[in-house]
Amino acid sequence: MKLIGLGADKIGTTVLIVLAMVSFIIPLCNLVSPADSPLHFSAYTVSVLGKYLTFALLGLSLDLVWGYCGILALGQGAFFALGGYAMGMYLMRQIGTRGVYGDPLLPDFMVFLNWKELPWYWLGFDNFWFALLMVVLVPGVLAFVFGWLAFRSRVTGVYLSIITQALTYALLLAFFRNEMGFGGNNGLTDFKELLGFNIQSEALRALLLMISGVTLIAVFILCRWLVNTKLGRVVTAIRDQESRVRFLGYRVEMFKLWIFVFSAMIAGIAGALYVPQVGIINPSEFSPLNSLEIVIWVAIGGRGTLYGAIIGAVLVNYSKTVLTGLMPEIWLFTLGAVFVLVTVFLPDGLVGLMRRRLQESHS
Amino acid sequence: MNIFAENLFGEVPKVSSGNLVVEGELDTRHGPILYLEDVSVSFDGFKALNHMSLYIDAGELRCMIGPNGAGKTTLMDVITGKTRPDTGTVFFGQTIDLLQIDEPAIAQAGICRKFQKPSVFDALTVFENLELALKADKRTWQTLFYRLNGEQRDRIDQIIETIGLTACNHQRAGILSHGQKQWLEIGMLLMQEPKVMLVDEPIAGMTHQEIERTAELLLSLQGQRSIVVVEHDMEFVRSIASKVTVLHEGSVLTEGTMDEVQNDPRVIQVYLGG
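Residue numbers (this note's numbering), protein chains in the order written: chain A, 1 to 363; chain B, 364 to 637.
A hint or two may mislead.
Below, computed lysine-lysine pairings styled on DSSO-like, alpha-carbon distance capped at 30 Å [as the list claims (entries may be wrong)]:
1. B:K480 x B:K558
2. B:K606 x A:K10
3. A:K51 x A:K10
4. B:K498 x B:K410
5. A:K320 x B:K558
6. B:K480 x B:K445
7. A:K230 x B:K606
8. A:K230 x B:K410
9. A:K192 x A:K320
10. B:K480 x B:K498
11. A:K230 x A:K51
12. B:K558 x B:K606
Think of the hints as simulated: they come from the structure by calculation, not from any bench.
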């Protein structure tokens, strides 16, 4: 992190410590202490925190492509939703005969649609490990095909941003259709258990928070390593002077593709952690607006730093929880205004501000 | 009949001679390292290059001069694959058709370029800029797990010394002066160990002293590499060039020593507007 100077490692390390505390202390408190103890966090707090951590992971994935490689991908939510659907399909298959219609094989919505057998693409999802594989593979393959076509034809800048929006919108429309076999408008819900644990149980919720935290920490460390490799430096160079990198003999499109696929896989993992904690996945996760929000988290936090994306995602979503509770109608206006203000006055985001403060206090 | 059939359908007959021309490998045993023949490029009707033919010899230091719009930068774009010509052929040695391969492949084959506007990576340090340029396996996974060995570190340090940036080794390239950026980019070219260096306006923004050092550096490279320099500064061109090519309206107007071209009435007419 020598590029960013003194403040960088301090903030990054602080973020890591806070994450470790959140993901171990809170679940442990809840598992050990009785329900009426002051150390006991409510089920709501636990699941909301878990949700924020998955959003932080999603923000991190966008920061890799946008903050480091300069690809303003406005379809990151699509990979998140696909990862979520893969996990949702596993959870649906776990319901078994406990569904409303009690069909041992078919999820309720298929029985309702009078389907007689499970579509081929639902096969295998009763196996947790297969589902986990799909969580990274499906977003990864989509990102690969899409990125291969786009980067090879040298689609860049605003054109690329627009087609990523189109991608997520197309998926939104597709997943809305009942014939697609993903539950249409209602999506996948009514989950009962995950790996044999009751999905509503406090123990599982605490465990999911812990797993989300540990995954975020691991991916954060992995990304920090990644951006400090030579590949990370090539990617940064592509962001600043794409054509120059080509004349150094690097295949720019392959590097963009690599980072885009890697980031899509992280987004898929984030989606898979999100779904069991909120208990539902439906096509609205593909909404273009969702993907735009991710960009705003990262911009507010400060792009190109990794931890900025984490800070931004948590802060913005916390404000969203608070504000939509108080005055739901002003949330989007507030978000828009904050985005504009940050873009104009804090181009490096909140962590840029923190870094400057830290450097001032040192000099 | 049998032999004929075998040649048609069987394996390619093996030749034991060491002089076999291998496709894709640079072959300069027959003179020029760079051939451009009858190359034309037009942008919306404007002929940037007009049936240009040009030959650069191995190890030669060649200067290109010409008024604005003569096609100097377009020429470099064509050689490095940035612009595809409408007609003509461009060969690197005897065997490599530059029109068949793209920018990274051309760079890896050994043609490197310094841009008119210094193009270094501002967010990276001087050392990291040179590390990216270093000749290496430049595929993604290989780049991810790339580690510099001691020899390569020494080589980078040596180039940093050559370009006089030892003191700025770990500073970000963004804070360098214009002249220092020019030097860094020349250093990046050297890291790539090119066979042909295309150098577009190397001394813009340099002090007198820096200009002298640039001339020394280019002259010292002569013989090991072919160098094509585009420059407006006539004094600088005179100080380094043995052979000068004058471009005008997308074609070669004349070639020769500096004295020859400066006394050529056509050159005088082009520059002074007759």
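Here is how each hint holds up against the structure:
1. A distance of roughly 22 Å separates the Cα atoms of K480 of chain B and K558 of chain B; the hinted pair therefore holds under the 30 Å criterion.
2. Annotation: proposed proximity of K606 of chain B to K10 of chain A is violated, straight-line Cα distance about 57 Å (limit 30 Å).
3. With a C-alpha separation of about 25 Å, the suggested pair K51 of chain A and K10 of chain A falls inside the 30 Å cut-off, and the hint holds.
4. With a C-alpha separation of about 36 Å, the suggested pair K498 of chain B and K410 of chain B falls outside the 30 Å cut-off, and the hint is violated.
5. Using a Cα cut-off of 30 Å, the hinted pair K320 of chain A and K558 of chain B is violated, with the two alpha carbons roughly 59 Å apart.
6. Restraint check for K480 of chain B and K445 of chain B: the C-alpha separation of about 16 Å stays at or below 30 Å, so the hint holds.
7. Between K230 of chain A and K606 of chain B, the direct Cα distance comes to roughly 40 Å. Violation of the 30 Å bound is thereby established for this hinted pair.
8. The hinted pair formed by K230 of chain A and K410 of chain B fails the criterion: a straight-line CA distance of about 41 Å is larger than 30 Å.
9. For a cut-off of 30 Å, the pair hint linking K192 of chain A to K320 of chain A stands: about 28 Å separates their Cα positions.
10. For the hint linking K480 of chain B to K498 of chain B, the alpha-carbon distance of about 23 Å falls within 30 Å, and the restraint holds.
11. Between K230 of chain A and K51 of chain A, the direct Cα distance comes to roughly 33 Å. Violation of the 30 Å bound is thereby established for this hinted pair.
12. Using a Cα cut-off of 30 Å, the hinted pair K558 of chain B and K606 of chain B holds, with the two alpha carbons roughly 18 Å apart.
Violated hints, listed in ascending order, are 2, 4, 5, 7, 8 and 11; each of the other numbered hints is respected by the structure.
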